[in-house]
Amino acid sequence: MNLEKLVRITRPDRSGRIRITGRKIYILPTRYGLVFGILLILLLIASINYANNPAFLLTFLLAGIFFQAIFHTWRNLKGLELQWIHAEPVFAGETARVHLRIADPGRDHFALALAFAGNEPVLADVPAERPAEAQLPVRTRHRGLLQPGRLTIESRYPLGLLRAWSLLETDARIMVWPRPLHESLAPSDPDQAGGLEGDQGSGSNDFAGHRSYRPGDTPARVHWKALAAGKGLLVKEFDGDRVDQIWLDYEALAPPNVEQRLGLLAGAVEALSREPLRYGLRLPQLEIAPSTGERHRRHCLDALALFGDAASAADRAR
Amino acid sequence: MKDVLATRPVSQQMLLITALLLSLSVLPHWWNLPPLVTGAFFLLLLLRLLLWREPSRIPGPWIRLPLVVLGVVVVIQQAGLTEGRQFGVALLVIMSGLKLLELKSHRDLFMAVFLGLFLLTTLFLFSQNALLTFYVLLLILAYTTVLVLANRTGPELPLKQAVRTALVLTLGGIPVMVLLFALFPRLDGPLWSLSLGRGQGITGMSDNISMGSISSLSQSEETAFRVRFDGTPPPPQEHYWRGMVLWHTDGRRWIRVKSSAAKPATEGLAGTAAYEVTMEPSDQPWLFPLDRVREAQGDLLLSEDGELATRHSIRRRFTYRAESAPPPLTRPLTGRERRLGLQLPARLSPRVRRLAHQWRQAAASDAQVVEQALRHFNTQPFVYTLQPPLLGDDPVDCFLFDTRKGFCEHYATSFVLLMRLAGIPARVVIGYQGGEINPLGGHLLVRQSDAHAWAEVWLRGKGWSRVDPTAAVAPERVERGITPQPAETGAPAVFRVSIPASGLARFLRDLQWYRDDLQLMWHYWVVGYDQSRQQNLLQKLGIGRLYSYQLGIIAVAGAIAIASLLFFLFGMRRPAPATRCSPPGTVSGAS
Numbered sequence: 429m430n431l432e433k434l435v436r437i438t439r440p441d442r443s444g445r446i447r448i449t450g451r452k453i454y455i456l457p458t459r460y461g462l463v464f465g466i467l468l469i470l471l472l473i474a475s476i477n478y479a480n481n482p483a484f485l486l487t488f489l490l491a492g493i494f495f496q497a498i499f500h501t502w503r504n505l506k507g508l509e510l511q512w513i514h515a516e517p518v519f520a521g522e523t524a525r526v527h528l529r530i531a532d533p534g535r536d537h538f539a540l541a542l543a544f545a546g547n548e549p550v551l552a553d554v555p556a557e558r559p560a561e562a563q564l565p566v567r568t569r570h571r572g573l574l575q576p577g578r579l580t581i582e583s584r585y586p587l588g589l590l591r592a593w594s595l596l597e598t599d600a601r602i603m604v605w606p607r608p609l610h611e612s613l614a615p616s617d618p619d620q621a622g623g624l625e626g627d628q629g630s631g632s633n634d635f636a637g638h639r640s641y642r643p644g645d646t647p648a649r650v651h652w653k654a655l656a657a658g659k660g661l662l663v664k665e666f667d668g669d670r671v672d673q674i675w676l677d678y679e680a681l682a683p684p685n686v687e688q689r690l691g692l693l694a695g696a697v698e699a700l701s702r703e704p705l706r707y708g709l710r711l712p713q714l715e716i717a718p719s720t721g722e723r724h725r726r727h728c729l730d731a732l733a734l735f736g737d738a739a740s741a742a743d744r745a746r
Numbered sequence: 022m023k024d025v026l027a028t029r030p031v032s033q034q035m036l037l038i039t040a041l042l043l044s045l046s047v048l049p050h051w052w053n054l055p056p057l058v059t060g061a062f063f064l065l066l067l068l069r070l071l072l073w074r075e076p077s078r079i080p081g082p083w084i085r086l087p088l089v090v091l092g093v094v095v096v097i098q099q100a101g102l103t104e105g106r107q108f109g110v111a112l113l114v115i116m117s118g119l120k121l122l123e124l125k126s127h128r129d130l131f132m133a134v135f136l137g138l139f140l141l142t143t144l145f146l147f148s149q150n151a152l153l154t155f156y157v158l159l160l161i162l163a164y165t166t167v168l169v170l171a172n173r174t175g176p177e178l179p180l181k182q183a184v185r186t187a188l189v190l191t192l193g194g195i196p197v198m199v200l201l202f203a204l205f206p207r208l209d210g211p212l213w214s215l216s217l218g219r220g221q222g223i224t225g226m227s228d229n230i231s232m233g234s235i236s237s238l239s240q241s242e243e244t245a246f247r248v249r250f251d252g253t254p255p256p257p258q259e260h261y262w263r264g265m266v267l268w269h270t271d272g273r274r275w276i277r278v279k280s281s282a283a284k285p286a287t288e289g290l291a292g293t294a295a296y297e298v299t300m301e302p303s304d305q306p307w308l309f310p311l312d313r314v315r316e317a318q319g320d321l322l323l324s325e326d327g328e329l330a331t332r333h334s335i336r337r338r339f340t341y342r343a344e345s346a347p348p349p350l351t352r353p354l355t356g357r358e359r360r361l362g363l364q365l366p367a368r369l370s371p372r373v374r375r376l377a378h379q380w381r382q383a384a385a386s387d388a389q390v391v392e393q394a395l396r397h398f399n400t401q402p403f404v405y406t407l408q409p410p411l412l413g414d415d416p417v418d419c420f421l422f423d424t425r426k427g428f429c430e431h432y433a434t435s436f437v438l439l440m441r442l443a444g445i446p447a448r449v450v451i452g453y454q455g456g457e458i459n460p461l462g463g464h465l466l467v468r469q470s471d472a473h474a475w476a477e478v479w480l481r482g483k484g485w486s487r488v489d490p491t492a493a494v495a496p497e498r499v500e501r502g503i504t505p506q507p508a509e510t511g512a513p514a515v516f517r518v519s520i521p522a523s524g525l526a527r528f529l530r531d532l533q534w535y536r537d538d539l540q541l542m543w544h545y546w547v548v549g550y551d552q553s554r555q556q557n558l559l560q561k562l563g564i565g566r567l568y569s570y571q572l573g574i575i576a577v578a579g580a581i582a583i584a585s586l587l588f589f590l591f592g593m594r595r596p597a598p599a600t601r602c603s604p605p606g607t608v609s610g611a612s
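Residue numbers (the working numbering), protein chains in the order written: chain A, 429 to 746; chain B, 22 to 612.
Just chain A, with the same shape it has in the complex (with noise of 0.2 Å):
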């Protein structure tokens, strides 16, 4: 915890841009940079011995050099301003892009390389006229609204000799859904089968009997029990007026596991957002009214991500 207090981190101010400061950007040799240094050491030693001139001068020449380069190399990245912009909403397992934009109007920034903790970096040249943007890969794991961790910023540039870099904390934040399950969307109690598919709203049971599956079946019709069973795929039929409407109740699924029955209410609003269909979905504090739509989906999908813990804290959000 001391330690941690140690580690100079910029944090973002409140607009939201992260200044980088001289004072902390850390600065070490590379794996070059030693290497070079032995050279060094090694053209000291001969020119010492062989009590010559002109290669003390050249010694020492390159040692300048490397002096210059500490320098240069620290200043690539004092004074870069950095702003987190939007990243897209990913499933869980996928990878996020956090888009970033970069810029000094001061100077010219040349190869600067970005990652979050644990994540693959992306080069980056920051040229005065204008800011550049970087697009972050961050890998996702769990569900939830993601804070993608340290931002590191390095760059070795000019001589590729020393690494300096800064530790940045960003604003970022990932909209992470359920990773989506299509297998099986079983109710808890099959007696209950219809609270999951059937269209509660029209006050009769409708159901008419089982068919074979045909291309275009949505998923919600399919019936799984039977699928788990050894029967074919067969989908329910209804015969109800108003059978495009389905409500997507969390308590009626059948895995115990809440973030199954997460990931499978997500891979049925995915499945049912492709069809003309009106679904709502009803989690146990939130409900979300039947409608159709690209933002209905993601309204449905958010909710999903936030459930439990989160909810509360998406609600302070929006």
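Just so you know, these hints were derived from the structure itself, not from any lab. Hints may contain errors.
[Stated by the list, open to error] Below are the SDA-like pairs computed for lysine to any residue, each with C-alpha atoms no more than 20 Å apart in a straight line: (1) B:K120 / B:L152; (2) A:K452 / B:Q34; (3) B:K181 / A:R535; (4) B:K23 / A:T458; (5) B:K426 / B:N399; (6) B:K23 / A:R442; (7) B:K23 / A:L468; (8) B:K120 / A:R459; (9) B:K23 / A:G546; (10) A:K452 / B:F589; (11) A:K452 / B:M593; (12) B:K279 / B:G356; (13) B:K120 / B:L71; (14) B:K426 / B:H397; (15) B:K23 / A:W593; (16) B:K181 / A:L467; (17) B:K23 / A:P684; (18) B:K23 / A:P457; (19) B:K120 / B:L70; (20) B:K279 / B:P366; (21) A:K452 / A:R442; (22) B:K120 / A:L467; (23) B:K23 / A:R567; (24) A:K452 / A:W593; (25) B:K483 / B:A385; (26) B:K181 / A:W593; (27) B:K279 / B:Q258.
[Said to hold, decoys possible] Selected chain A positions facing chain B (Cβ under 7 Å, derived; list incomplete): (28) Y460; (29) L462; (30) A483; (31) F484; (32) L485; (33) G492; (34) A541.
Since the model is a prediction, treat every value here as computed from it, not as a measurement. Every residue gets a Cβ at the ideal spot worked out from N, C-alpha and C, and that includes glycine.
Given the structure of chain A, go ahead and fit chain B onto it with the hints provided.
Structure of chain B alone, referenced to chain A:
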């Protein structure tokens, strides 16, 4: 995070640039190494560029391995293990060629650059002149540019911008270089004993000369001896340290003629200058007292010709006392001296004879002949140079009429020959001339590079008089020794008889002089900069005596301070946005 650039393949342009730079670094070794070694390097280079031009394609291990073995065999066979320096450099050259053959990723590129920098240093083992150093400096700039290019991300090479960045880095490095160079502690001797393959062990003067022998000695910055005067030292133009007298010549070489009686040097007269000399080991018995020795301590021998010597060769540091008075010292000419002083080589060209005859005809006295000869050297386009051209079969004729470029021994020997042709007894004297006052110890330091040759002519009524024809060509040589001291430039010429009239001729000669002056300055400030000159410089800067480790700490601290100062003065200035033009920014993925 991982180094995104390290595993990136090298572009073809980068391969070509690196190949070019390594070739330029190896090229000067053509004159230092067996031709087969440098040849092998260029063969490997050619192989790469002809057969594996694409950087991503490199020869397989079944091609590279035999080539490595072959390369090592060539090095061992050609350079030999006996001479460490040549062997190491030859190995380095072959390794660079092999590295070029397998250059593929940026990691290889870095290694190639480091090998190249090492190669550049090895060039100085063979030659240390200013031109080579300048060449190496340019190549360092080029290597820096390669590193900058290697650290750019875009697909295209922003060459101009990279050169500019490299230039800024290099220029910023120069003050640090100068400071470290001036202050970094120098050792008296090497860290371990070296076999440089010189083969001659101790450098020093021998008792015979030929044209070119002293100029080679002048490259050595080793100390010959140190002198401590009682009281004020005589003026610099009197600093002639007289060694051996050479009488006999075959037209090419000049040798001593053993004088009959060498007696203890105790019964002389009191001189005007008393001093103590500490000789460095020379493996010779010769001593170099101030011209002309009158009295020396008892165990030394003084020959008839005024040569001072010990009874045994000097194998370790040796100190003696002596007293001298400036020549000439009147004494009658002996028969032996007349005979030897007029000896001529069997072969002499008619041109040389004619020149001496002309002077004899025109002059009323011997002194006027001498003056005429000096005027000849002064007005004709003679050049004083450390690197005289090679002379043909008849060196005197060739020097006097064709090349006209020479070091002190060229002037002294031809002058003596011309005097003898004109009937004036003359002889060549070798020794040292000049020396440097050490402000710390107050003593005079004479180096091997101060080796000099001059003439003595016998003039009626005066006796053996010293004449330095080199002074007629390069008075500065006599004024301040071979090692230039800027404070003394522009001092009046002593022997200068007249000023050449022609403007162009004078300009050309001045130009030659500047070039030579530059060489001498280089010699003084760079090649010959050692512990004593360092102390000398520190003294002038007002920093007293410092121990080597203190000096080392100051050097490094100073270097860091000057580097940061420079950077914050010039590096942090923000360029005006209006005048900028740089390529558009690029963003590329990590893959």
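Now the hints, each set against the structure:
1. For the hint pairing K120 (chain B) with L152 (chain B), the CA-to-CA distance comes to about 28 Å; that exceeds 20 Å, so the pair is violated.
2. Our distance criterion of 20 Å between C-alpha atoms is broken by K452 (chain A) and Q34 (chain B), whose separation comes to about 37 Å.
3. Of the pairs offered as hints, the one joining K181 (chain B) and R535 (chain A) holds, with about 17 Å between alpha carbons and a cut-off of 20 Å not exceeded.
4. Restraint check: the Cα-Cα separation between K23 (chain B) and T458 (chain A) comes to about 11 Å, which is no more than 20 Å; the hinted pair holds.
5. Pair hint K426 (chain B) plus N399 (chain B) holds up; C-alpha atoms about 13 Å apart against a cutoff of 20 Å.
6. Between K23 (chain B) and R442 (chain A) the alpha-carbon distance is near 32 Å, which puts this suggested pair outside the 20 Å criterion.
7. Proposed proximity of K23 (chain B) and L468 (chain A) is contradicted: the alpha carbons are some 25 Å apart, above 20 Å.
8. At most 20 Å may separate the alpha-carbon atoms for a hinted pair to count; K120 (chain B) and R459 (chain A) meet this at roughly 19 Å.
9. The hinted pair formed by K23 (chain B) and G546 (chain A) meets the criterion: a straight-line CA distance of about 10 Å does not exceed 20 Å.
10. Proposed proximity of K452 (chain A) and F589 (chain B) is supported: the alpha carbons are some 18 Å apart, at most 20 Å.
11. Note on K452 (chain A) and M593 (chain B): the hinted pairing holds, with a Cα-Cα distance of about 17 Å set against a maximum of 20 Å.
12. Between K279 (chain B) and G356 (chain B) the alpha-carbon distance is near 15 Å, which keeps this suggested pair within the 20 Å criterion.
13. Of the supplied pair hints, the one linking K120 (chain B) and L71 (chain B) holds, its CA atoms being roughly 16 Å apart against a limit of 20 Å.
14. Restraint check for K426 (chain B) and H397 (chain B): satisfied, since their Cα atoms lie roughly 14 Å apart, inside the 20 Å limit.
15. In summary, the hint linking K23 (chain B) to W593 (chain A) is supported, as the alpha carbons are separated by about 12 Å, within the 20 Å threshold.
16. Between K181 (chain B) and L467 (chain A) the alpha-carbon distance is near 28 Å, which puts this suggested pair outside the 20 Å criterion.
17. At roughly 42 Å between alpha-carbon atoms, K23 (chain B) and P684 (chain A) are farther apart than 20 Å, so this suggested pair is violated.
18. The hinted pair formed by K23 (chain B) and P457 (chain A) meets the criterion: a straight-line CA distance of about 14 Å does not exceed 20 Å.
19. Note on K120 (chain B) and L70 (chain B): the hinted pairing holds, with a Cα-Cα distance of about 13 Å set against a maximum of 20 Å.
20. Between K279 (chain B) and P366 (chain B) the alpha-carbon distance is near 19 Å, which keeps this suggested pair within the 20 Å criterion.
21. About 19 Å separates the Cα atoms of K452 (chain A) and R442 (chain A), which keeps this hinted pair within 20 Å; it holds.
22. A hinted pair counts as satisfied when its Cα atoms are at most 20 Å apart, and K120 (chain B) with L467 (chain A) qualifies at roughly 17 Å.
23. Between the alpha carbons of K23 (chain B) and R567 (chain A) the distance comes to roughly 17 Å, so the proposed pair stays at or under 20 Å and holds.
24. Of the supplied pair hints, the one linking K452 (chain A) and W593 (chain A) holds, its CA atoms being roughly 9 Å apart against a limit of 20 Å.
25. A hinted pair counts as satisfied when its Cα atoms are at most 20 Å apart, and K483 (chain B) with A385 (chain B) qualifies at roughly 17 Å.
26. Simply put, K181 (chain B) and W593 (chain A) have alpha-carbon atoms about 27 Å apart, too far for the 20 Å limit, and the pair is violated.
27. Annotation: proposed proximity of K279 (chain B) to Q258 (chain B) is violated, straight-line Cα distance about 29 Å (limit 20 Å).
28. For Y460 (chain A), the interface hint holds, the least distance from its beta-carbon to any beta-carbon of chain B being 5 Å, beneath 7 Å.
29. At about 11 Å, the closest approach between the beta carbon of L462 (chain A) and any beta carbon in chain B exceeds 7 Å, and the interface hint on this residue is violated.
30. Checking A483 (chain A) against chain B by beta carbon gives a least distance of about 5 Å; that is within 7 Å, so the hint holds.
31. Proximity of F484 (chain A) to chain B holds as hinted, the smallest CB-CB distance being about 6 Å (cut-off 7 Å).
32. A cut of 7 Å between beta carbons decides the hint on L485 (chain A): the least distance to chain B is about 6 Å, and the hint holds.
33. For G492 (chain A), the interface hint holds, the least distance from its beta-carbon to any beta-carbon of chain B being 3 Å, beneath 7 Å.
34. Interface restraint check: A541 (chain A) against chain B, minimum CB-CB distance 5 Å, threshold 7 Å, status holds.
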